[in-house]
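Q: These are the residues of each chain, in order.
Number of protein chains: 2
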Amino acid sequence: MRIPIKDVTPECERAEVAGWVHEERDLGGLTFLLVRDRTGILQVTIPKKKVSPEVLAAVKEASRESVISCEGVVKATDKAPGGRELVPETLKVISRADTPLPLDVSEKVPAELDTRLDNRYLDLRKPRVNSIFLIRNAALRAVSEFLWDHHFTQVQTPKVVAAATEGGTELFPLAYFDKEAFLNQSPQLYKQMLMSAGFDRVYEIGPIFRAEEHNTVRHLNEATSIDIEMSFADEKDAMKVLEEVVSYAYGKVADTCSNELAVLGLNDFEVPTAPFPKITYQEAIEIASKKGEALTFGDDLTTAAEKIVGEEMGTMYFVTEWPSSTRPFYTMAFEDRPEVCRAFDMMHPRMELSSGAQRCHVHSKLVEQIKGKGLNPDAFEFYLNPFRYGMPPHAGWGLGAERLVMTMLDLQNIREGVLFPRDRHRVSP
Amino acid sequence: MRIPIKDVTPECERAEVAGWVHEERDLGGLTFLLVRDRTGILQVTIPKKKVSPEVLAAVKEASRESVISCEGVVKATDKAPGGRELVPETLKVISRADTPLPLDVSEKVPAELDTRLDNRYLDLRKPRVNSIFLIRNAALRAVSEFLWDHHFTQVQTPKVVAAATEGGTELFPLAYFDKEAFLNQSPQLYKQMLMSAGFDRVYEIGPIFRAEEHNTVRHLNEATSIDIEMSFADEKDAMKVLEEVVSYAYGKVADTCSNELAVLGLNDFEVPTAPFPKITYQEAIEIASKKGEALTFGDDLTTAAEKIVGEEMGTMYFVTEWPSSTRPFYTMAFEDRPEVCRAFDMMHPRMELSSGAQRCHVHSKLVEQIKGKGLNPDAFEFYLNPFRYGMPPHAGWGLGAERLVMTMLDLQNIREGVLFPRDRHRVSP
Chain A
1 MRIPIKDVTP ECERAEVAGW VHEERDLGGL TFLLVRDRTG ILQVTIPKKK
51 VSPEVLAAVK EASRESVISC EGVVKATDKA PGGRELVPET LKVISRADTP
101 LPLDVSEKVP AELDTRLDNR YLDLRKPRVN SIFLIRNAAL RAVSEFLWDH
151 HFTQVQTPKV VAAATEGGTE LFPLAYFDKE AFLNQSPQLY KQMLMSAGFD
201 RVYEIGPIFR AEEHNTVRHL NEATSIDIEM SFADEKDAMK VLEEVVSYAY
251 GKVADTCSNE LAVLGLNDFE VPTAPFPKIT YQEAIEIASK KGEALTFGDD
301 LTTAAEKIVG EEMGTMYFVT EWPSSTRPFY TMAFEDRPEV CRAFDMMHPR
351 MELSSGAQRC HVHSKLVEQI KGKGLNPDAF EFYLNPFRYG MPPHAGWGLG
401 AERLVMTMLD LQNIREGVLF PRDRHRVSP
Chain B
1 MRIPIKDVTP ECERAEVAGW VHEERDLGGL TFLLVRDRTG ILQVTIPKKK
51 VSPEVLAAVK EASRESVISC EGVVKATDKA PGGRELVPET LKVISRADTP
101 LPLDVSEKVP AELDTRLDNR YLDLRKPRVN SIFLIRNAAL RAVSEFLWDH
151 HFTQVQTPKV VAAATEGGTE LFPLAYFDKE AFLNQSPQLY KQMLMSAGFD
201 RVYEIGPIFR AEEHNTVRHL NEATSIDIEM SFADEKDAMK VLEEVVSYAY
251 GKVADTCSNE LAVLGLNDFE VPTAPFPKIT YQEAIEIASK KGEALTFGDD
301 LTTAAEKIVG EEMGTMYFVT EWPSSTRPFY TMAFEDRPEV CRAFDMMHPR
351 MELSSGAQRC HVHSKLVEQI KGKGLNPDAF EFYLNPFRYG MPPHAGWGLG
401 AERLVMTMLD LQNIREGVLF PRDRHRVSP
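Line order of the protein sequences matches chains A and B. Counting in full-length UniProt numbering, the first sequence runs from 1 upward without gaps. Counting in full-length UniProt numbering, the second sequence runs from 1 upward without gaps.
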C-alpha cells in the first residue's frame, strides 16, 4: 500500500511510496534519489552492492522527473530531509522522463513566465508553484463554507448568453447554432433575476470572460469570479458579508496551509480582521489629490490614486458613495442626492478586489438608468421583466478569485494564480 | 428586524416579515394575505375596521406576487398554516406586481415548460420548483465536502481552449481575438495534465459545452460537470470514490432537505448504499439481448438496452470492461486483451450518470490510440507532452450534475434541474 511521503517517519519499519525523481546523486558505491510527491520529499538510499540487479537497473533508468515507485526498509538518519531514508528492496520506473527537461523543476534555474506557462505541467511540480494552488483551494473552500453556513444557496448561471451584461463592449462572440451569442462577462443580471425568483441569498463561483484587449499583470480574459446577491439588503449588509468572508478565508489559509505559506516565504502572514475601514469616494480623491494625483468628482480612481490611498490605509478597506456616473446602470442612487450611489469597492492596498452595491430594484428608475447610459432597454427585456412582478431590494458584489489569491500571496503577476491562464496572446495549453 | 417566515411561531409576540403575496382573499370585513418567503408561508390577517388607513391602502395596492413587508402582532390560530397568523400594524408594498401575471405561481394552472422557462423568475417562485434547486445546492455541497474531505484539491481549468477534447465534433467555435478557439467539452485533458503536475487528486465542478444538434429531454448544450482525476489509481479506485460520493450526496439530501423532498412528494426517498453492483459490458448486452434488444460486442448500449438492464438491476449499478472501440482514445486497454478497456459507466436505472476509466498513461500507446481513432497526434501536442516527462497511472470520471439531480428527484425533463437551460433553441433568458 502506497503511503504519502509525509507519513514516512523514522518510526516506520517499512514503507511503499511513489512519486517523481526530484534529484539524484551518484557517490560511487551509493546512489541517492530524492523522491517527491505532493506531500513531501524522501531520500531513497541505494547501496549498490547490497541491492538486486533489478533495482540497480531501474535506478539507472530513473532520469530526473521520472515517476517511480519503491518499497523497502525505513531507517532513521540525521543526514536526510525529515530525519529518515528508505533503502529499497524493490524499485520500479513507472514513467520515464525524457531528457533534457524543457523546464527545470528544482527552482534553481529561474525561467521566464511564458516558458513556465508553456510547460505548466512541469512548472506546477515546483513546491512553490504547487503551494499557490493548494492555498487557492483552501481559500475558495473557506469562501464556499462561509457562504453556505450563512444560508447562501450555490447556483450555476449560464455562461452562454444572448445579451451583454453592461452593454456591448469586451464580449467574446460565439456561434450558437443559428443564433448570435456571447460568453458572459458576469453573472450580474442572472443573480439579480434570482432575487425576484425568491432565492433570498445566492452565490456562484464560476468563470467569467472579458475580451479586454490590453495585457497587464492584473488582467485575465478568463477569470474565476465569486459572486453573491442578497435580498432585503443594502450595500452595508453586502459589505459586511464581504469583509467577513475575506477575513474568514485568510484565517482558514493561516490555519490549514502553514506548510505552503512557509514554502512561499510568507512567515508573517497576517489575517485582516473585519470590519475593514471605510472611506467615501470623496475622501479617497482628497487623499490622492493631496499627494499629487489631482482628481475631481466623477473621475475614476486611477492606478496612481489607488496606490496613494492604499499606502495611506495600509490594510484592506472600502471606498463607498461613488459618483453614479462611474458605475453600471443597475446601481442604486441615493434618493436625496442622485449623483452619488450606493456602490462600493473593496480594496487591497495593492489593487481593487471587489465591486458591489445596493442595486436599483424599481423598474421605472432602472429603465431610466439604462437609457442614461446610452443603452436600449429593449435589449434587456428578459432582465427587466422580473422587476415588474415583485422585486425585493437587494445588494451584492463580485470578488475576483485570482486577485484575492494574488494579493493574499503577494504574487507579482495574476497569471501565477491560475493553472492555465488565458490572456490576449495565450489560449494554450 | 425581518425574520424568516419559518421562525414566526405561535410563541412570537411580534414579528416583522417580508415576502411575496402568494394569495389574497377578501371576506368583507377581513382580508387574508398569504405571504411567502423562501422558508414558508404566513397568513397575514387584516381586520379592516381595526387597521390604519395606510395599511388598508397598502393592502389594496398589494396585487398577487407583489413584494410587501409587514410588522405586527402574532396570534395562535388553528385556521392558518403553521398555526399562527400576523395582524399587521404596518404594511408596505415594496414592489408592486403588474397584472395579469405572465405565469401563474400558485401551481393551480399547469403551464408548458417553454412558457415556464420564458418566465423562469416567476416559475422559480413555486415551492416545487424552488425545492429542486435547494436540493441541487445540498447535493453539490455534499459532493464538494466529500471530495475535499478525501484530499481532492478543487481546481478551475480553462473553458476557452484551442483544441477539441475528443476530436472536432460538437464544439462551439469562438473568436478569441485573432485566434480560433472553442468552448471546452470537458476538463478531461486538463485534469489529466494535472496528474503529471503532481496534484495527486483533483476535482472540478464547472460548466461544459456541447454543440449537439439534437434536442432531447436528457441533453443540454451547456451543463454542469463534476469531474475527478486521481493518481496511482485504477478504474476500481475511481468507481469506489464515485459510488461513495453519490451515496453521500443522497444521504445529505435525505438528512437536510426533508421539507423540500416532501414538497416534491418524494416521501419514500431512498439512499443507495455503496458499493453498487457491477456487471460487465458483456453481461449487459446478454441481458439486453435476452429481452429482445439484440446487441453484439462493439455495439454501444442503446437507450432500449439501458432500459432493459436498468429494470433488471433496479438500482444504481456499474457497467465495466467496455469494448475499446466504444471509448475515447485516452482510455487504458487491458494488457492481455486490448479489445477491452478499463472503462466504466455508472448507471441509474433510468439512464447513464457518469463515465470513467483508468487512463492510458504510456506516451507511445496513447499516440497509437489517438491515431487509431483517426485523429492527428500533432493537434494534441500540449496534452501529450506531459506524458513524456513523468506521468503516473491515473483514473477518473465525469458525472453530470443535472442528470444526478434529474434522476434523484425523478424529473421528467433535464431542463427542470437547470435554472436557465441552454438547448438547441434556447439561449435566453
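No wet-lab data here; the hints were simulated from the structure. Quick reminder that beta carbons are idealized off the backbone N, C-alpha and C, glycines included. Check before you lean on any hint, since a few could be wrong.
Stated by the list, open to error - Stretch-level coverage of chain A by chain B, calculated; a stretch enters the list once three of its residues show a Cβ under 8 Å from a Cβ in chain B:
#, segment
1, 75–82
2, 93–99
3, 125–136
4, 183–196
5, 284–292
Claimed, not checked - Residues from chain A that face chain B, not an exhaustive set, calculated with beta carbons under 7 Å:
#, residue
6, Lys60
7, Val67
8, Glu71
9, Thr224
10, Tyr248
11, Ser428
Unchecked claim - Ranges between beta-carbon positions, derived for each pair:
#, chain 1, residue 1, chain 2, residue 2, range
12, B, Pro173, A, Gly83, 53 to 61 Å
13, A, Asn376, B, Ala254, 47 to 55 Å
14, A, Ala262, B, Arg2, 44 to 52 Å
15, B, Asp178, A, Gly28, 52 to 60 Å
16, A, Ala162, B, Asn376, 46 to 54 Å
17, A, Gly83, B, Asp378, 43 to 51 Å
18, A, Thr9, B, Lys6, 49 to 57 Å
19, B, Thr302, A, Ser52, 29 to 37 Å
20, B, Pro173, A, Glu244, 36 to 44 Å
21, B, Lys371, A, Pro100, 23 to 31 Å
22, A, Ala175, B, Gly83, 36 to 44 Å
23, A, His214, B, Asp378, 27 to 35 Å
24, B, Lys371, A, Pro4, 31 to 39 Å
25, A, Gln412, B, Asp178, 26 to 34 Å
Q: Min Cβ distance, A/Glu71 to chain B: is it shorter than 7 Å?
A: violated, 13 Å
Q: Given a hint of 43 to 51 Å, does the C-beta separation of A/Gly83 and B/Asp378 actually sit inside it?
A: Check passed, 48 Å falls within 43 to 51 Å.
Q: Can you let me know if the beta-carbon spacing of A/Thr9 and B/Lys6 is within 49 to 57 Å?
A: Because 51 Å falls inside the window, the suggested range holds.
Q: Taking the Cβ atom of B/Thr302 and the Cβ atom of A/Ser52, is their distance within the range 29 to 37 Å?
A: violated, 53 Å
Q: Could you say whether the range 26 to 34 Å given as a hint is met by the Cβ separation of A/Gln412 and B/Asp178?
A: Roughly 27 Å apart at Cβ, these two residues keep to the hinted range, so it holds.
Q: Are B/Lys371 and A/Pro100 spaced within 23 to 31 Å by their CB atoms?
A: At 27 Å between Cβs, range holds.
Q: When you take the CB atoms of B/Pro173 and A/Glu244, is the distance between them in 36 to 44 Å?
A: With a Cβ separation near 42 Å, B/Pro173 and A/Glu244 satisfy 36 to 44 Å, so the hint holds.
Q: Just to be sure I understand the hint, the distance between the Cβ atoms of A/Ala175 and B/Gly83 should be within 36 to 44 Å; is that true here?
A: violated, 57 Å
Q: Check, residue by residue, whether the segment 183–196 of chain A contains three or more positions whose beta-carbon lies closer than 8 Å to a beta-carbon of chain B, and give the verdict.
A: holds (count 5)
Q: Is the distance from the Cβ of A/Ala162 to the Cβ of B/Asn376 consistent with 46 to 54 Å?
A: violated, 35 Å
Q: For the hint 27 to 35 Å, verify it against the beta carbon of A/His214 and that of B/Asp378.
A: holds, 32 Å
Q: Grab the minimum C-beta distance from A/Val67 to chain B and call the hint holds if it beats 7 Å, violated otherwise.
A: OK, holds: A/Val67 within 7 Å of chain B, min 5 Å.
The structure is inconsistent with the numbered hints 1, 5, 6, 8, 10, 16, 19, 22, although it conforms to all the rest.
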